[in-house]
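A.B. asks: Spelled out, the chains give:
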Amino acid sequence: MATTTTKVETFVGKRIRRREDPRLITGTATYVEDIQMPGMHYAVILRSPHAAARIRSIDTKKAESAPGVVCVLLGKETKGVGAVPCGVAMPDLRVPQHTILATDRVYFVGHPVAVVVARDGYLARDAADLIEVDYEVLPAVADPEKALAKGAPAVHPQWPDNIAFTYHQDGGNVDKAFAEADVVVKQRIVSQRLVPMAMETRGVVAEWRNADRQLNLYTSTQIPHLVRTIVAGMLGLEENRTRVIAPEVGGGFGSKLNVYAEEALMGYVSMKIQKPVKWIESRRENFTCTIHGRGHVDFYEIAAKRDGTILGIKLKLIQDVGAYHQLLTPLIPQLSVLMMPGIYNTQNIRADIVGVFTNCVPTDAYRGAGRPEATHGIERMVDMLAAELKMDPAEIRFKNFVAKDKFPYATATGLTYDSGDYAAPLKKALDLVGYAKLRQEQADLRKQGKYMGIGISTYGEICAIGPSPATPAGGWESATVKIEPSGKVTILTGACPHGQGEETTFAQIAADELGVALDDIVVLRGDTAVVQYGIGTFGSRATAVGGTALYYALQDLKAKIKKFGAMLLESEDVTLAGGQVVDNKTGKSKPFQEIAGATYRALKLPPNTEPGLMATRFWEPPNFTFPFGAHIVVTDIDGETGQIRIRRYVAVDDCGNILNPLIVDGQIHGGVAQGLGQALWEQAVYDDNGQLVTGELTDYALPRAHLMPWIESHHTCTPSPVNPLGVKGVGEAGTIGCSPAVVNSVVDALSPLGVRHIDMPLTPEKIWKLLATKNRDVGSRGATK
Amino acid sequence: MNINLKVNGKSYSPDVEPRLLLIHFLRDVAGLTGTHMGCETSLCGACTVELNGKAIKSCTMFAVQANGAEIVTVEGLATNGKLDPVQEAFWNEHGLQCGFCTPGMIMASKQIIERNPSPTEEEIRHGLEGNVCRCTGYQHIVNAVKAAAAGAGK
Chain A
29 MATTTTKVET
39 FVGKRIRRRE
49 DPRLITGTAT
59 YVEDIQMPGM
69 HYAVILRSPH
79 AAARIRSIDT
89 KKAESAPGVV
99 CVLLGKETKG
109 VGAVPCGVAM
119 PDLRVPQHTI
129 LATDRVYFVG
139 HPVAVVVARD
149 GYLARDAADL
159 IEVDYEVLPA
169 VADPEKALAK
179 GAPAVHPQWP
189 DNIAFTYHQD
199 GGNVDKAFAE
209 ADVVVKQRIV
219 SQRLVPMAME
229 TRGVVAEWRN
239 ADRQLNLYTS
249 TQIPHLVRTI
259 VAGMLGLEEN
269 RTRVIAPEVG
279 GGFGSKLNVY
289 AEEALMGYVS
299 MKIQKPVKWI
309 ESRRENFTCT
319 IHGRGHVDFY
329 EIAAKRDGTI
339 LGIKLKLIQD
349 VGAYHQLLTP
359 LIPQLSVLMM
369 PGIYNTQNIR
379 ADIVGVFTNC
389 VPTDAYRGAG
399 RPEATHGIER
409 MVDMLAAELK
419 MDPAEIRFKN
429 FVAKDKFPYA
439 TATGLTYDSG
449 DYAAPLKKAL
459 DLVGYAKLRQ
469 EQADLRKQGK
479 YMGIGISTYG
489 EICAIGPSPA
499 TPAGGWESAT
509 VKIEPSGKVT
519 ILTGACPHGQ
529 GEETTFAQIA
539 ADELGVALDD
549 IVVLRGDTAV
559 VQYGIGTFGS
569 RATAVGGTAL
579 YYALQDLKAK
589 IKKFGAMLLE
599 SEDVTLAGGQ
609 VVDNKTGKSK
619 PFQEIAGATY
629 RALKLPPNTE
639 PGLMATRFWE
649 PPNFTFPFGA
659 HIVVTDIDGE
669 TGQIRIRRYV
679 AVDDCGNILN
689 PLIVDGQIHG
699 GVAQGLGQAL
709 WEQAVYDDNG
719 QLVTGELTDY
729 ALPRAHLMPW
739 IESHHTCTPS
749 PVNPLGVKGV
759 GEAGTIGCSP
769 AVVNSVVDAL
779 SPLGVRHIDM
789 PLTPEKIWKL
799 LATKNRDVGS
809 RGATK
Chain B
98 MNINLKVNGK
108 SYSPDVEPRL
118 LLIHFLRDVA
128 GLTGTHMGCE
138 TSLCGACTVE
148 LNGKAIKSCT
158 MFAVQANGAE
168 IVTVEGLATN
178 GKLDPVQEAF
188 WNEHGLQCGF
198 CTPGMIMASK
208 QIIERNPSPT
218 EEEIRHGLEG
228 NVCRCTGYQH
238 IVNAVKAAAA
248 GAGK
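Quick note, the sequences are listed as chains A and B, same order.
Okay, so the first sequence: first residue is 29 according to this note's numbering, each after it adds one.
Okay, so the second sequence: first residue is 98 according to this note's numbering, each after it adds one.
Hints listed in this document are in silico derivations from the structure and should not be mistaken for laboratory results.
Errors might be hidden in some of the hints.
What the hints assert, rightly or not - Computed list of lysine-lysine pairs in BS3-like fashion (alpha-carbon distance at most 27 Å, straight line):
id	chain 1	residue 1	chain 2	residue 2
1	A	K42	B	K179
2	B	K151	A	K42
3	A	K42	A	K516
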């Protein structure tokens, strides 16, 4: 008998090394750029060097006669291709026509103007330089607040006020709350534009097979099925003859949760030249043309009683949209509004969003997508409120947390928090960091004129996105499980994991449910011709929603295996355990593999039962899940240089049940790194002409190994009641929890100088200038005494 | 131009354009796609390979400059199906997520250990400064290098 049928070892909850890794560590994985096909051609895209300009003329003659060039295409030729879609519908949303190539005008630096196709990538690049475009440069505006000012250049001439959309939400009675408040604290808080910077840039290989009317599109995406539906529509192709494959995807972080012009454009090119074509985005293009994240200017007001009880919150949110809406652009700030009360018990909120067009690349989802901005806002405001009331920042949080007996908890923004014990991670983090002792040390250091800060952030977030009515394109997820005649198991997941480790965690779930070995299971994803329709991986949803679909498909198969087992054992009372169906009366058993074979051989069938072992489930989640946690950051600031040193980083995250602690830790570490990037270093800076001055890695400061602190990652566990796995999601938690903890820590360190807020990133230059100014002020005040 | 070089022990004598980047020779001529182009400016390290025993960034070097050189890429590390200790350590310690930076990270990590068989955490982090990972926050990579160094010293 095969050993796999007798095993009783379980896998869920264990630190199991990943099953996807062998191909990745040996350099044998296939990313888009690694794909080669006979007759393949190469495309290079010529892009606008101006943020706003009219195109007077384009001369492509020299380029067309350059060596190796097959064709040069302009916007006038691709006019028939459908527009790059905005997937969000809302009242008064202004959606500019977003053609795949510019026609008469360009709207941001990097706007695609022409595509050159040649038999070699170097030759295509050479020829692109030979295209002559005559631009009439127009005034541009790159700052959303400036774009709202009277007389600002109009990004789209038809909308001179540059307003892309507005959104208003009221909960409870805000006016009453503010009227009754003892104290109101106000602050303008910026959440700067960021570049997602996946290590693999975007890339597309398109292969048109004319005889079959079939387009095969290999693209580095988080959402292959949605790309298929949309690109087929844009090109007028049949969806069942359009195959989208997301091969190995080298990071997304939301930047590949989109449908881009180049995906349809390469399809068009391949159809035109009747050859496969490859386009690989350069890093410069990745900075200027792939979506950016964040881009908020927020005006917060928080009202409270003198004892620290929060009564209400107001938010005016300016969202930098960029020149166009990409797939989810207008939705992202709405997620910020949903999360604006954080995990605090206040039923009075008011939010007003204004989305503003600028001559910049569009903003859209980037790790956390709206929730880091909201958490940064509320967590900064709570700290400022504590400072105003001279309360301890931990104490004010404990006072305002939604109590653990209040779940499910309906928020003022219309959400229902599933489960929570918000005090638990904060208590644990305070203990781990040694809070009381640190406060004592801080007092001592302050006497010596040294700057040491302790920053707390207690966050909640929206995960497992999400119930379909709350999403633009469906929020369910799908799974198929096929048990082959030999008993080997194949899982097809509609989620499209790309580094999050579901090839391992999904195998863990299936191994435990079926009682088979991990090695007997294969997880397939990312190919619309192989996998049933799915939604994708984003919003910390793959395990909580996709894993649940898998769980239910496994229950269907278990029931069928038991039926066949009972038939073979001639028993009516059987159990499936350890890879065996056992007769509970006689103790006789049939191994899993033998039963699998019998279902396909079908010599005899149980009543009303079909042959074979395959089940598909589409699981619609009844709610989001709401993970939470507490991050505490201890910083020391060099008074001479403004350099911030992170002495301790303690993260206590509650993501519900944990399937694989090794993978969860990795998600937290990576999330924190991106949060730290925003807090300390990263910013996409456009100058007044709309030039991206941080357009390469030379100018855009990323977290690097020597800059990162050691992250002390811990957990509490409050299972989610939303799904049978009890999981919540963890992909974005680190990012969401991080930035306010860092800024709160630095502000805490500098609070003796009267500092109450600093906008990110907290570069040494910014801190040094602040120290110089504040010390001078403090000094001069001292002198006049 | 005709050049001669060895990659993972195999000899190549291609006729290459003088402007062909070494990474494109490795990927497109030798068919070794494990080495990745991440930034084109030698700032991210995804293209790191070993050239005459030294870790270099193959995106900012011409193939002709590698004339006469011996190169090792990530594909050349495992021998007879047995992973290199650094590869094994990256696997055990979950030193990768999307995997795109991983070949370069592994090559850089090998070099760190070759130069300093028992590096401290600070030395490891310093050694990895030129390699960007956007997924892991580096902590598990640091653990992997530590584990590989400890294993190699046994």
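A.B. asks: Each hint should be assessed against the structure and marked as holding or not.
C.D. replies: Hints, verified against the model:
For the hint pairing A/K42 with B/K179, the CA-to-CA distance comes to about 25 Å; that is within 27 Å, so the pair holds. A threshold of 27 Å between alpha carbons decides the hint, and for B/K151 with A/K42 the separation of about 38 Å lies outside it, so the pair is violated. Only pairs whose Cα atoms come within 27 Å are accepted, and A/K42 paired with A/K516 is accepted, the gap being roughly 22 Å.
In summary, the one numbered hint that this structure violates is 2.
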